[in-house]
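Participant: Line order of the protein sequences matches chains A and B.
Under the numbering used here, the letters of the first sequence match residues 688 to 1101, in that order.
Under the numbering used here, the letters of the second sequence match residues 688 to 1101, in that order.
By construction, these hints were calculated from the structure, which means they are not laboratory data.
Heads up, a few of these hints could be off.
A pair counts as met if it fits within one copy or between any two copies, since identical chains are not told apart.
Below, simulated DSS-like cross-link-like pairs (lysine-lysine); rule was C-alpha separation at most 27 Å, straight line [as the list claims (entries may be wrong)]:
#1 Lys874 <-> Lys899
#2 Lys735 <-> Lys841
#3 Lys874 <-> Lys1019
#4 Lys703 <-> Lys736
#5 Lys977 <-> Lys951
#6 Lys695 <-> Lys899
#7 Lys703 <-> Lys1037
#8 Lys874 <-> Lys902
#9 Lys695 <-> Lys1037
#10 Lys710 <-> Lys783
#11 Lys706 <-> Lys1019
#12 Lys695 <-> Lys995
#13 Lys786 <-> Lys770
#14 Lys736 <-> Lys902
#15 Lys1037 <-> Lys855
#16 Lys960 <-> Lys986
#17 Lys980 <-> Lys968
In this text, all values refer to a predicted model and were calculated from it rather than measured experimentally.
If you want the building blocks of each chain, they are given just below.
There are 2 protein chains.
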Amino acid sequence: MDTIEQLKLAKSASRKLSKSSYKDRNEALDLISKELIFSKERILAENKKDIELGKKNNLSSALLDRLSLNEKRLSGMSGSIEKVIAQPDPTGKIIKTWKHPLGMNIQQISVPLGVICVIYEARPNVTTDAVSLALKSGNAVVLRGSQHATYSNKAIVDAIHRGLSKSKLSSDVVQFISAKEREESIKILEAVNYVDLIIPRGGEDLKNFVLKYSKIPVIGAGGGTCHLYIDDSAKEKETLDIAINAKTQRPGVCNAIETILVHKDIASQVLPKLEVSLKLKNVEILGCDKTQKIITNVKLATEEDWYKEYLDLKVSVKVVDSIEEAIEHINKYGTKHSESIVTHDTSHAKQFQEEVDAACVYVNASTRFTDGEEFGFGAEIGISTQKLHARGPIALEQLVTYKYLINGEGQIRS
Amino acid sequence: MDTIEQLKLAKSASRKLSKSSYKDRNEALDLISKELIFSKERILAENKKDIELGKKNNLSSALLDRLSLNEKRLSGMSGSIEKVIAQPDPTGKIIKTWKHPLGMNIQQISVPLGVICVIYEARPNVTTDAVSLALKSGNAVVLRGSQHATYSNKAIVDAIHRGLSKSKLSSDVVQFISAKEREESIKILEAVNYVDLIIPRGGEDLKNFVLKYSKIPVIGAGGGTCHLYIDDSAKEKETLDIAINAKTQRPGVCNAIETILVHKDIASQVLPKLEVSLKLKNVEILGCDKTQKIITNVKLATEEDWYKEYLDLKVSVKVVDSIEEAIEHINKYGTKHSESIVTHDTSHAKQFQEEVDAACVYVNASTRFTDGEEFGFGAEIGISTQKLHARGPIALEQLVTYKYLINGEGQIRS
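With the sequences and hints as input, model every part of the structure.
Facilitator: Below, the structure is given as structure tokens:
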């Protein structure tokens, strides 16, 4: 079908969906979740085709890993839908209600956005996360997946449509657009009359492409150049635990740290131990000149390194004179994602949380917790590093807008 | 001073401002409000220069009216600041707080955006509205005014800076950039490191220019093609009162109506009376073919007319078969601003409010109430017709974002 025709179907289905009951939407999600499990053999078989093609096309092992499904991952996807079902309804909430002096009642209520388009790379679980969050929040969803996941996505969307056909919702609320030429994507990005929000989920290239061409509002998940600052009051065990976890538990994700800042008064004590722990995990260390004087075999970090999101077993280390210098460094080089301080000075904890400009600011905990599921949101469609509308994990509450309902008895303005 | 230098000053001042107390910000606003009154003679004298230049440059009388200040308008501007002072602090609010299963405390709190840049046309009152709303919400503000208001804006900003110099806030929190060439504006729109939000306040041309060049998030106040739908259950007096008020009380503003939709069963009864009332106010009527059969001397409305924001004593009238047709017309031709139904059928009222996709949906009241002051927000920096972040009047609550503060005791992710 023609792309614009699909968008029109989504828009028209979204109008009915916005009036559907919470119960009907939850029931549809439950049917979808079950259908995924029923269809497991077919989905896994189709996924194998993508994997084989991916190998032929020399996709990296990291990409192949994200792309590949197995029984456990598929139950995880189904389980995520169940977690979204368990969340409260984000729509129809009365945010505020008051009376105008002339007597009209004014209500500010949460309502669905309409049609959400998710453009994403080869991760089949995004398909189900996007669908569950969108439908739960009363939005139709347009899925524009990667060409590398075409077989998997088609099989998953087929299961979703089978689930929907048994529900009270129209199957049109989920539109799948297979990867086509670039011009076709630009058509979507310009369809202001049919799509209300674009969410690119993938690397910086995808995000920049979307921002360049979109005439529709975009919530972009940016990269994460995250930091851990080790204050002079930090305790050793916590410091080492958090640093190693934030760097190595899953280095390829956006909420892993890329730089460790250490207060000068504690540097000579903590850095050698940190070096041992990091090297045990095969982490390559780059450092400032002061770091180089404390631990050996450390390459000098360049100005460019401080901006870098390594997404790898690699970390840059900088010795700072004060918490102020640490905060300034973070606000300059960070991407406003997740930042953490290890400290036992409550005034430093407060200062750090107040002055660091980021979506999530941690005290004595790993940055790895920035995640929709960890935050208890059921799932997420990415993590926003922008400040408007959605900051941090993008989940149900970020997929609604509000409107004002004003009820009068003939009032006019004088 | 160089524009980028001014933006840097604003960014750096915004960091301190975000930590200032509510009391200090209110005190600064009060000093600014007083300083406006102290400086009244100078401001009015400078405003005269703009008016004289405007006449020479053949500005329209509507533009000259918006540009011109007098003692009453100046007290109004000062009074608006006092209304903003009376509003609650939008920052530091705990939106949500909960515990992670591992024991960390997670708080979602409201925080200032940082630096807001308002680009606006020749309306000096926007200068003080923007400053009061920005400072109250803990944001620094960059004012980029129109060349036609340069003398007035400079005099007003001087007064604002004098007020700030007596306060505990830095004068750098308000930066005024006089109108320069287009290239200079583009520089601002690309300064992602120094500006967090752009608000264009003016016509569609300004908005489109900003949307085209901005790399910074934009909240755009779009035009208002607003409608009044007269249901078959509408009562006559209310209908006429609301129609006349919404069309003629101030036809040049965005929340005035441009189209009246009338149910076919009531059309022959209500349209002749409406015609008399509208003609008394010198309103030109265009209509569909059915309208033409009921009232005479009505030009045929073209497809283009239904999209038009006349901003003038002109209205298009269409007879519809049902409330569904009215809603469909509004969702197709409207700009998602303000829409109203006159009805005494509660199920129609509900259906209209649910299905019309707009910032403000009225039952039995004039659309002219869509306004920050009327809504009790103190002031506004425009009315947003987009759905992300801000919808309807843009006031204090729309000028903040949120961040998550996570406090742990060494928690790591397994």
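Participant: Hints first: check each against the structure and report whether it holds.
Facilitator: Hints, verified against the model:
| no. | hint | result |
| --- | --- | --- |
| 1 | Lys874 <-> Lys899 | both (13 Å within a copy, 17 Å between copies) |
| 2 | Lys735 <-> Lys841 | within (13 Å within a copy, 68 Å between copies) |
| 3 | Lys874 <-> Lys1019 | between (36 Å within a copy, 20 Å between copies) |
| 4 | Lys703 <-> Lys736 | neither (36 Å within a copy, 56 Å between copies) |
| 5 | Lys977 <-> Lys951 | within (9 Å within a copy, 82 Å between copies) |
| 6 | Lys695 <-> Lys899 | both (23 Å within a copy, 25 Å between copies) |
| 7 | Lys703 <-> Lys1037 | between (47 Å within a copy, 15 Å between copies) |
| 8 | Lys874 <-> Lys902 | both (10 Å within a copy, 21 Å between copies) |
| 9 | Lys695 <-> Lys1037 | between (50 Å within a copy, 25 Å between copies) |
| 10 | Lys710 <-> Lys783 | both (24 Å within a copy, 25 Å between copies) |
| 11 | Lys706 <-> Lys1019 | between (45 Å within a copy, 18 Å between copies) |
| 12 | Lys695 <-> Lys995 | between (41 Å within a copy, 23 Å between copies) |
| 13 | Lys786 <-> Lys770 | between (38 Å within a copy, 17 Å between copies) |
| 14 | Lys736 <-> Lys902 | neither (35 Å within a copy, 40 Å between copies) |
| 15 | Lys1037 <-> Lys855 | between (50 Å within a copy, 22 Å between copies) |
| 16 | Lys960 <-> Lys986 | within (18 Å within a copy, 85 Å between copies) |
| 17 | Lys980 <-> Lys968 | within (22 Å within a copy, 84 Å between copies) |
Going through the hint list in order, the structure does not satisfy hints 4 and 14.
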